[in-house]
Amino acid sequence: AAFFFMRLDTDKYYVEIQYNGETIHYFELTDKVSETFELDHDGHNVLVVHDGHVDMIEADCPDQDCVHMQSITYDSWNPTIICAPNKVVVRIVGGDSEVDGIV
Numbered sequence: 001a002a003f004f005f006m007r008l009d010t011d012k013y014y015v016e017i018q019y020n021g022e023t024i025h026y027f028e029l030t031d032k033v034s035e036t037f038e039l040d041h042d043g044h045n046v047l048v049v050h051d052g053h054v055d056m057i058e059a060d061c062p063d064q065d066c067v068h069m070q071s072i073t074y075d076s077w078n079p080t081i082i083c084a085p086n087k088v089v090v091r092i093v094g095g096d097s098e099v100d101g102i103v
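All residue numbers for the sequence shown refer to this note's numbering, where the first residue is 1 and numbers rise by one.
Treat the hints as calculated values from the structure; they're not laboratory data.
Given the structure is predicted, the values throughout are model-derived calculations rather than measurements.
It is possible that some hints are incorrect.
[As the list claims (entries may be wrong)] Distance windows between CB atoms, simulated: (1) VAL46 - GLY21: 17 to 27 Å; (2) PRO62 - GLY94: 31 to 41 Å; (3) ASP31 - PRO62: 30 to 40 Å; (4) HIS25 - VAL67: 14 to 24 Å; (5) PRO62 - GLY21: 18 to 28 Å; (6) TYR26 - ILE57: 17 to 27 Å; (7) TYR14 - VAL46: 16 to 26 Å; (8) ASP42 - ASP11: 27 to 37 Å; (9) ASP11 - HIS44: 32 to 42 Å.
For every residue, glycine included, the Cβ atom is placed at its ideal position computed from N, Cα and C.
Given only the sequences and the hints, what does the whole structure look like? Please build it.
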């Protein structure tokens with residue numbers, strides 16, 4: 001007997017913004033979302049979400065690695081931006097295929 005896996009693909013992706021390991025913002029990423037987030041916790045970061053892209057455009061950390069990263073999208077190889085000095089992690093999650101059933 002042959003087994004077939006039926007997969008339920010979800011096309012929904014979400015932006016998760018964490019500070020010090022806690023999620024502080026979580027929302028669906030679409031081409032229509034246009035938001036700017038100013039994060040003032042252990043430092044200052046400005047994050048822009050537009051046209052399905054997420055960019056860290058400003059930070060007061062010394063190395064500025066998070067600002068110099070490419071924007072992330074749902075299909076980025078590693079859809080994560082990290083500002084370690086300011087304890088901020090931004091990532092795109094979701095879109096996983098899940099097994100819906102076995103026939």
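Each hint, compared with the structure:
1. Range check, VAL46 to GLY21: Cβ separation about 21 Å, and the 17 to 27 Å hint holds.
2. Taking the beta carbon of each, PRO62 and GLY94 are about 33 Å apart, inside 31 to 41 Å as hinted.
3. Between ASP31 and PRO62 the C-beta distance comes to about 34 Å, which sits within the given range of 30 to 40 Å.
4. Distance hint check: the CB atoms of HIS25 and VAL67 are about 19 Å apart, consistent with the given range 14 to 24 Å.
5. Restraint check, PRO62 to GLY21: a C-beta distance of roughly 22 Å satisfies the suggested window 18 to 28 Å.
6. Checking the proposed 17 to 27 Å range against TYR26 and ILE57 shows it holds: the Cβ atoms sit about 20 Å from each other.
7. The beta-carbon spacing between TYR14 and VAL46, approximately 20 Å, falls within the hinted interval of 16 to 26 Å.
8. Judged by the Cβ atoms, the range 27 to 37 Å given for ASP42 and ASP11 holds: they are separated by roughly 35 Å.
9. The hinted range of 32 to 42 Å is satisfied by ASP11 and HIS44, whose Cβ atoms lie roughly 34 Å apart.
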